[in-house]
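S.K.: Listed below are the residues making up each chain.
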Amino acid sequence: MNREKTDSQGKVEKKLVECADIQLLLFDYMSRELGEGRAAIVREHLRKCKACQVLASDIQATMDLLHTASKTEPTQGERLTESRRNRIVWAFTHPLLSWMHKHILLVSIFGAAILSIAVWFFYRFMIESRFAPLKGEPITVMLVDHGRTNVIQGTNILQNGGP
Amino acid sequence: MRKNSHCEYAEKDAEKIITGHEGPLLRYAMRILGDSSLAQNAVESAFIMVLSRRKRQAGLSRDDLTAELYRAVHGAAVALIPLRKRLQEKANVSFPVTADEGERAMEAVHRLNPEEQQMVILKIYERMTNSEISRITQKDEENVATLLYKSVIKVADELKKAGLL
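In order, the protein sequences belong to chains A and B. If you're matching positions, the first sequence starts at 135 in the numbering used here and goes up one per residue. If you're matching positions, the second sequence starts at 31 in the numbering used here and goes up one per residue.
Worth flagging that the hints you see were computed from the coordinates, not collected in a lab. Be aware that a few hints might be false.
Every beta carbon over 12 Å from chain B, so not counted as near; a handful from chain A, in silico [unchecked claim]: (1) A174; (2) L180; (3) R221; (4) A225; (5) I238; (6) G245.
Calculated cross-link-like contacts (lysine to any residue; reagent style SDA-like; alpha-carbon spacing at most 20 Å) [to be verified]: (7) K236(A) / L110(B); (8) K184(A) / Y179(B); (9) K180(B) / K236(A); (10) K169(B) / L158(A); (11) K190(B) / E133(B); (12) K191(B) / T202(A); (13) K184(A) / T202(A).
Note that the structure is a prediction, hence the values are computed from the model and not measured. Each residue gets a CB set at the ideal place from its N, CA and C atoms; glycine is no exception.
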């Protein structure tokens, strides 16, 4: 009795596994993507299994409906407009400019940063060259000591470290 | 001023690629977006993205180039889906009850996630084989077959709910 029960359970489980496996192949079978060997297995299973037959007819009906949709859809405008074509060709012939155009924000930030650095360097150079004493240039230093003024001329304070 | 020969050659090359692919790509984008102007935007940006990488594109076979273009169009179209939804809400467009079966079936496809939509559109509308889809989506054929089956079952459920099956 128990053995019979186990056998029938085993058959049900086998059928379930088989159905699940077959169902995964159903769509491929119906769109003729399966090889002859696997197609024959699916065909044989479909002949016997009611549940898989129902699923197959659902899939077929869905595919038919979707094919109907593809036929009723408008097919106008299957060409790009002339201006869009020109933009694509320009991007193809000028890849760098096209890249810059596409990443305009990044390019602007980078450009602004470069400009700021350039201006900073220029002003620093200008201020140093205009207002700072040049290295090695003789200068006049006036020292005030106890009310007397000594003038040391031609002293290079940078070289001598002061009087 | 006369353009130099290299530039002319590049232009002709680009024209040839555009002419050879624009029809199917526009159809594909149109099926994802359902709006011709947005479809044109998606295809334009896909062409620019793929063709501006000239060095990579030069070494590609025709099939690889086609696959890359489809991938780029899919990416661009998916990025435009929120905009399409906003436009539809703005225009207060909804699918009328009187819409024909085909339109309602298409609406069921639009309710799938982008990856599943891509599978169904390429397989059923563009009538591609699993290996062509696998090349475009960069998934192995087993994976493509499983995804296709699950997507079609989802569409079938939607159609049943809508009373079309």
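S.K.: Over 12 Å to the closest beta carbon of chain B is the bar; see if I238(A) clears it.
M.R.: Check passes; 14 Å lies beyond 12 Å.
S.K.: Does L110(B) lie within 20 Å of K236(A) when you go C-alpha to C-alpha?
M.R.: Roughly 17 Å separates the two Cα atoms, so the pair holds.
S.K.: Beyond 12 Å from every chain B Cβ: check whether that's true for A174(A).
M.R.: 18 Å, holds
S.K.: Between the alpha carbons of K180(B) and K236(A), is the straight-line distance 20 Å or under?
M.R.: Not satisfied, since the Cα-Cα distance of roughly 38 Å exceeds 20 Å.
S.K.: Compute the least Cβ-Cβ separation between G245(A) and chain B, then decide whether it is above 12 Å.
M.R.: 20 Å, holds
S.K.: Given the hinted pair K169(B) and L158(A), is their alpha-carbon gap at most 20 Å?
M.R.: Holds, at about 17 Å.
S.K.: Grab the minimum beta-carbon distance between L180(A) and chain B and tell me whether it stays above 12 Å.
M.R.: 15 Å, holds
S.K.: Hinted pair, alpha-carbon criterion (20 Å max): K184(A), T202(A). Please report holds or violated.
M.R.: At roughly 27 Å apart (the allowed maximum being 20 Å), T202(A) and K184(A) break the hint.
S.K.: For the pair we were handed, K184(A) and Y179(B), check the Cα-Cα distance against 20 Å.
M.R.: Satisfied, since the Cα-Cα distance of roughly 19 Å is no more than 20 Å.
S.K.: Please confirm whether A225(A) is truly not at the interface, meaning its C-beta sits more than 12 Å away from all C-beta atoms of chain B.
M.R.: 4 Å, violated
S.K.: Next pair to validate is K190(B) with E133(B); report whether the Cα-Cα distance is within 20 Å.
M.R.: Given pair K190(B), E133(B) holds - Cα atoms ~15 Å apart, limit 20 Å.
S.K.: Sort out whether T202(A) lies within 20 Å of K191(B), counting only the CA atoms.
M.R.: At roughly 19 Å apart (the allowed maximum being 20 Å), T202(A) and K191(B) satisfy the hint.
Consistency note: the structure conflicts with the earlier hints numbered 3, 4, 9, 13.
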